[in-house]
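Novice: For reference, the chains in residue letters:
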Amino acid sequence: MRGFGVDSALGKFDIVRRRDVFAGSLALGGLAAGRALASDPIAAGLPASSAGGAKATGESERTALPGTIPPLVPIRAHVDQIVDIKVCLRPFRPMGPRLDVERIGDKLVVHNYGHGGSGWSLSWGSAEIAVGKALTALPRQVAVIGCGIVGLTSALVAQRAGLDVTIYTKDMLPHTRSVRANGSWTPDSRIALTTPAGPEFGDLWERMARYSWKSYRDYLGLPGNPIEFRDSYILSDKPFGSTQEFASTGPGDYASNGMPRSASEFAHYSDRIRDVIPAAEVIAAHDNPFPVAYAKREAVMIFNFGGYGHLLLSEFYQAGGKVVIREFHAPSDLKGLKEKVIINCPGLAARDWWSDKTLIPVRGQTAWLPPQPDVKYGVRYNGVSALSKSDGILIQGFNASGLGEMDGVGNSFEHADRMEAENAVTTIGGLFSRFSPRRG
Amino acid sequence: MMAFNALRRRDVWLSACIVVGGFAYAPQVRGAERTGAVSYTAEQAEHGAALYKQNCAVCHGGTLDGAFDTPSLRGRLISNWSGTTLDKVFHYISKAMPLFAPGSLKPADNAAIVAFILRENDVAPGPRELPSDEGALKKISFPSVGGKRAKKTSSTSP
Ligand SMILES: Cc1cc2nc3c(=O)[nH]c(=O)nc-3n(C[C@H](O)[C@H](O)[C@H](O)COP(=O)(O)OP(=O)(O)OC[C@H]3O[C@@H](n4cnc5c(N)ncnc54)[C@H](O)[C@@H]3O)c2cc1C
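Top line first, the protein sequences correspond to chains A and B.
Sequence positions in the first sequence follow this note's numbering and run 1 to 440.
Sequence positions in the second sequence follow this note's numbering and run 1 to 158.
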């Protein structure tokens, strides 16, 4: 997990002893650009997925070229600028997203839900798998249930496979949980627990992640920047080498409780795709514009909900897609649909409408400040992430509890916590009150 | 606005109901002839009101109007559930609500909340309590208002 990494608790996985790295890169000279190879998962429940992040074991990380830090306009993070607080429940399934096929009467139902904190990132690849399964029934038309990011991409992939598609949904995208996310490339954020997912899931995950990553390239560089890359500055007062232990929330684990108890149970796979994901680079002290001792930078892909959502929906309509607003109450409701093949993408609502008891809600919250188009970066500092997106400055505390990925697990209080939002904004505000734009 | 092009199945007749003589929410229980009539008692709805305040109002609002991310329990509620029997909405509330502690309320309490919601949607109380078992509720149609007649009229109105 990389990048703004905010949807996971991975801000702290960046385990680099800055001095080691610096020394390492001197020693390696021009060769220091090689990406650190992951070794074992790091102790203390830290994911193995800090692709590109050199480990405390002494592996080196490249230092950013001098002069590559552009002038940075400060982020105006003040509590009195909050325009919105969004709360969302991640649809987390310990065994990974549900992608199996079920027969209900004469209908073939292909499930596509339960993407945890990775739904945006994995949507295209997951849709490709679901549509592939639907195609085996040789349909001419399919129904897609749900118009979150997973439903919408499933509908588009089905159209591109030549099918007539109707989306049946309770709500359109702006009212779904999807638009209450962070919206960064976080493909293995709370996507599964290592043990219940089993070793095979890693292969499936990799297929989804690689397919999505390539799909997104088609949406880069477009007017309105539906998808773009941002520099993310990872900032710390302490050397990155200081690891953090995540506490358990109780004895046992998922197998014994039906609930994970520790961040160490969460699966991480991003090492598998490090060959195509930009690595982090260390910022040398004399280049570091931030009022902190240690800084790194990563190029991260982000999803701008407004521009991207409208674009996907207009593509869908242009290709002849139809949307029917409808709420389903039980699987037997499917009988009334004209389509014989159905791709089911209700997200967490599958818990209620499909009685899927394996889904665990994981609460998360974001605060939004007015857009600052002149800010073209994000920062991550002290468990809070700030990210400049086209629809606003997003601020998210991602580890308020100190529990890492256990933060919010089992919490389905989908209601704004103003204090939490203000604390997060204040952390970023404090950082920038000490920031003197050197080259600004 | 993304939702504009969506076909809203029931908006047509709902708005028609409103046009047609403003009795959209009048207690016209269409399913009553076919299945059991909806009945709840005033006390039951009052009890439901208190439970609603404690468990539901935090998201759906004191006046049931919902919010951007929370459905309204008026108007839209009718359009979402009409055509079903009351066991469906009861079942949904029983297992999915309140969202922060799903399934935590007793059956009688959930029935009281349904009674309260019916009252707030202008369904009049009656002599009998709304039952709290799904078998009995299955025989009661979700009260749908004006239904067919309004639809017909709407097709002739401009
Ligand atoms: C705080 C937070 C931050 C996140 N950050 C990221 C991130 O940075 N990157 C990332 O990749 N992921 C992120 N996620 C995860 C991502 O948001 C989810 O995985 C994703 O939104 C799931 O999408 P979905 O389409 O499956 O579900 P939803 O968005 O919930 O959509 C479900 C759809 O189904 C419809 N529906 C549901 N029930 C019914 C029914 N009974 N009848 C008819 N229609 C129905 C709904 O109306 C909706 O249209 C984050 C999540 C949270 C909470």
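Careful: at least some of the hints might be erroneous.
Lysine-lysine pairs mimicking DSSO-like chemistry, simulated, CA-CA at most 30 Å apart [said to hold, decoys possible]:
{"hint": "1", "chain 1": "B", "residue 1": "K106", "chain 2": "A", "residue 2": "K322"}
{"hint": "2", "chain 1": "B", "residue 1": "K88", "chain 2": "A", "residue 2": "K335"}
{"hint": "3", "chain 1": "A", "residue 1": "K335", "chain 2": "A", "residue 2": "K133"}
{"hint": "4", "chain 1": "A", "residue 1": "K335", "chain 2": "B", "residue 2": "K138"}
{"hint": "5", "chain 1": "B", "residue 1": "K138", "chain 2": "B", "residue 2": "K53"}
{"hint": "6", "chain 1": "B", "residue 1": "K53", "chain 2": "A", "residue 2": "K107"}
{"hint": "7", "chain 1": "A", "residue 1": "K107", "chain 2": "B", "residue 2": "K139"}
{"hint": "8", "chain 1": "B", "residue 1": "K106", "chain 2": "A", "residue 2": "K170"}
{"hint": "9", "chain 1": "B", "residue 1": "K53", "chain 2": "A", "residue 2": "K340"}
{"hint": "10", "chain 1": "A", "residue 1": "K357", "chain 2": "B", "residue 2": "K88"}
{"hint": "11", "chain 1": "A", "residue 1": "K338", "chain 2": "B", "residue 2": "K53"}
{"hint": "12", "chain 1": "B", "residue 1": "K95", "chain 2": "A", "residue 2": "K357"}
{"hint": "13", "chain 1": "B", "residue 1": "K106", "chain 2": "A", "residue 2": "K338"}
{"hint": "14", "chain 1": "A", "residue 1": "K170", "chain 2": "B", "residue 2": "K88"}
{"hint": "15", "chain 1": "B", "residue 1": "K95", "chain 2": "B", "residue 2": "K138"}
{"hint": "16", "chain 1": "B", "residue 1": "K53", "chain 2": "B", "residue 2": "K88"}
{"hint": "17", "chain 1": "A", "residue 1": "K322", "chain 2": "A", "residue 2": "K133"}
{"hint": "18", "chain 1": "A", "residue 1": "K357", "chain 2": "A", "residue 2": "K170"}
{"hint": "19", "chain 1": "A", "residue 1": "K170", "chain 2": "B", "residue 2": "K139"}
{"hint": "20", "chain 1": "B", "residue 1": "K138", "chain 2": "A", "residue 2": "K170"}
{"hint": "21", "chain 1": "A", "residue 1": "K170", "chain 2": "B", "residue 2": "K53"}
{"hint": "22", "chain 1": "A", "residue 1": "K322", "chain 2": "A", "residue 2": "K340"}
{"hint": "23", "chain 1": "A", "residue 1": "K214", "chain 2": "A", "residue 2": "K238"}
{"hint": "24", "chain 1": "A", "residue 1": "K335", "chain 2": "A", "residue 2": "K214"}
{"hint": "25", "chain 1": "B", "residue 1": "K95", "chain 2": "A", "residue 2": "K335"}
{"hint": "26", "chain 1": "B", "residue 1": "K88", "chain 2": "A", "residue 2": "K107"}
{"hint": "27", "chain 1": "B", "residue 1": "K106", "chain 2": "A", "residue 2": "K133"}
{"hint": "28", "chain 1": "A", "residue 1": "K322", "chain 2": "B", "residue 2": "K88"}
{"hint": "29", "chain 1": "B", "residue 1": "K139", "chain 2": "A", "residue 2": "K338"}
{"hint": "30", "chain 1": "B", "residue 1": "K106", "chain 2": "A", "residue 2": "K107"}
{"hint": "31", "chain 1": "A", "residue 1": "K238", "chain 2": "A", "residue 2": "K338"}
{"hint": "32", "chain 1": "A", "residue 1": "K338", "chain 2": "A", "residue 2": "K322"}
{"hint": "33", "chain 1": "A", "residue 1": "K357", "chain 2": "A", "residue 2": "K338"}
{"hint": "34", "chain 1": "B", "residue 1": "K95", "chain 2": "A", "residue 2": "K340"}
{"hint": "35", "chain 1": "B", "residue 1": "K139", "chain 2": "A", "residue 2": "K357"}
{"hint": "36", "chain 1": "B", "residue 1": "K139", "chain 2": "A", "residue 2": "K322"}
{"hint": "37", "chain 1": "B", "residue 1": "K106", "chain 2": "A", "residue 2": "K238"}
{"hint": "38", "chain 1": "B", "residue 1": "K106", "chain 2": "A", "residue 2": "K340"}
{"hint": "39", "chain 1": "B", "residue 1": "K138", "chain 2": "A", "residue 2": "K340"}
{"hint": "40", "chain 1": "A", "residue 1": "K335", "chain 2": "B", "residue 2": "K53"}
No lab work stands behind these hints: they were computed from the structure.
A quick note: this is a predicted structure, and the numbers were derived from the prediction, not measured.
Novice: Output the numbers, in ascending order, of every earlier hint that fails for this structure.
Specialist: Hints 1, 6, 9, 11, 13, 23, 24, 27, 30, 31, 36, 37, 38, 40 are the ones this structure does not satisfy, whereas the remaining hints hold.
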